[in-house]
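Asker: Here's the letter readout for the chains.
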Amino acid sequence: GENVEQHPSTLSVQEGDSAVIKCTYSDSASNYFPWYKQELGKGPQLIIDIRSNVGEKKDQRIAVTLNKTAKHFSLHITETQPEDSAVYFCAATSGTYKYIFGTGTRLKVLA
Amino acid sequence: NAGVTQTPKFQVLKTGQSMTLQCAQDMNHEYMSWYRQDPGMGLRLIHYSVGAGITDQGEVPNGYNVSRSTTEDFPLRLLSAAPSQTSVYFCASRYTDRGKGYTFGSGTRLTVV
Chain R
1 GENVEQHPST LSVQEGDSAV IKCTYSDSAS NYFPWYKQEL GKGPQLIIDI RSNVGEKKDQ
61 RIAVTLNKTA KHFSLHITET QPEDSAVYFC AATSGTYKYI FGTGTRLKVL A
Chain P
1 NAGVTQTPKF QVLKTGQSMT LQCAQDMNHE YMSWYRQDPG MGLRLIHYSV GAGITDQGEV
61 PNGYNVSRST TEDFPLRLLS AAPSQTSVYF CASRYTDRGK GYTFGSGTRL TVV
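These protein sequence lines map, in sequence, to chains R and P. 1 is the number of the first residue of the first sequence in this note's numbering; add one for each residue after it. 1 is the number of the first residue of the second sequence in this note's numbering; add one for each residue after it.
It is possible that some hints are incorrect.
Stated by the list, open to error - DMTMM-like, lysine to aspartate or glutamate: derived pairs with alpha carbons at most 20 Å apart: (1) LYS9/P / GLU39/R; (2) LYS37/R / ASP38/P; (3) LYS98/R / ASP38/P; (4) LYS100/P / GLU56/R; (5) LYS42/R / ASP26/P; (6) LYS98/R / ASP56/P; (7) LYS98/R / GLU30/P; (8) LYS100/P / ASP59/R; (9) LYS42/R / ASP38/P; (10) LYS9/P / ASP73/P; (11) LYS58/R / GLU79/R; (12) LYS100/P / ASP49/R; (13) LYS68/R / ASP49/R; (14) LYS98/R / GLU59/P.
Unchecked claim - What the simulated footprint calls covered on chain R by chain P, stretch by stretch (three residues with Cβ under 8 Å from a Cβ of chain P suffice, anywhere in the stretch; the number is not a length): (15) 33–43; (16) 97–103.
The set of hints was computed from the structure by calculation and includes no laboratory data. In this text the structure is predicted, and so the values were computed from the model without any measurement. Backbone N, C-alpha and C define an ideal beta-carbon position, used for all residues, glycine too.
Chain R on its own, in the form it takes in the complex (with noise of 0.2 Å):
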């Protein structure tokens, strides 16, 4: 069935320096990609997207690349800060309702 693999599932940084998720999808029809950051006690909040048609979106610190060959996406973020640090997920869909996880990355940035 339709899966979205993410890895790593954690992932310690130093502040300032970057961090990268990875994410992998199987769905070939999957056209939208979001990436939702979940801090501790909250809802997943969306900080980025991309759509198939595109191959990097960056939106200040942060970025995420697609390779539809490889059904590949990921995640960037520079200069990170203690803030960044939370729980970040991939998702993939087709346009529709159902979007798919991936299983998370937990971001620790140490001061």
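For this one, chain R is given, so just place chain P on it according to the hints.
Answerer: Structure of chain P alone, referenced to chain R:
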């Protein structure tokens, strides 16, 4: 503009009890969904609705019912609670325009003993 509001935030149930998790959104979103979040398993879709009066099952619907009588409200009913339903439940909504991702509520942490 409150977004997606879920109540209660915490709940403890005994096995066999029933309850309703409330979800309301004030953004006039057509799509609404219920997800459960379990450690190491990400978010799994329980039920969803594409508009008032229209609901359907997601990937883990057993033991849950939903209804959508208005655009704003999408309650989730646990019929006879089981320990396997211990989880964090999130309600989410969005417009039908696929370019806008889901907005999530803050969640309900449910423990079934």
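Asker: So, for every hint listed, does it hold in this structure?
Answerer: Hints, verified against the model:
1. LYS9/P / GLU39/R: holds, 16 Å
2. LYS37/R / ASP38/P: Holds, at about 16 Å.
3. LYS98/R / ASP38/P: This hinted pair holds, its Cα atoms lying about 18 Å apart.
4. LYS100/P / GLU56/R: Roughly 17 Å between the alpha carbons, so the hint for LYS100/P and GLU56/R holds.
5. LYS42/R / ASP26/P: holds, 19 Å
6. LYS98/R / ASP56/P: Holds, at roughly 11 Å.
7. LYS98/R / GLU30/P: Roughly 14 Å separates the two Cα atoms, so the pair holds.
8. LYS100/P / ASP59/R: holds, 16 Å
9. LYS42/R / ASP38/P: Holds, at about 14 Å.
10. LYS9/P / ASP73/P: holds, 17 Å
11. LYS58/R / GLU79/R: Measuring from Cα to Cα gives roughly 14 Å; hence the hint holds.
12. LYS100/P / ASP49/R: At roughly 9 Å apart (the allowed maximum being 20 Å), ASP49/R and LYS100/P satisfy the hint.
13. LYS68/R / ASP49/R: Distance of about 15 Å is within 20 Å: holds.
14. LYS98/R / GLU59/P: holds, 10 Å
15. 33–43: It holds, with 5 qualifying residues against the three required.
16. 97–103: holds (count 6)
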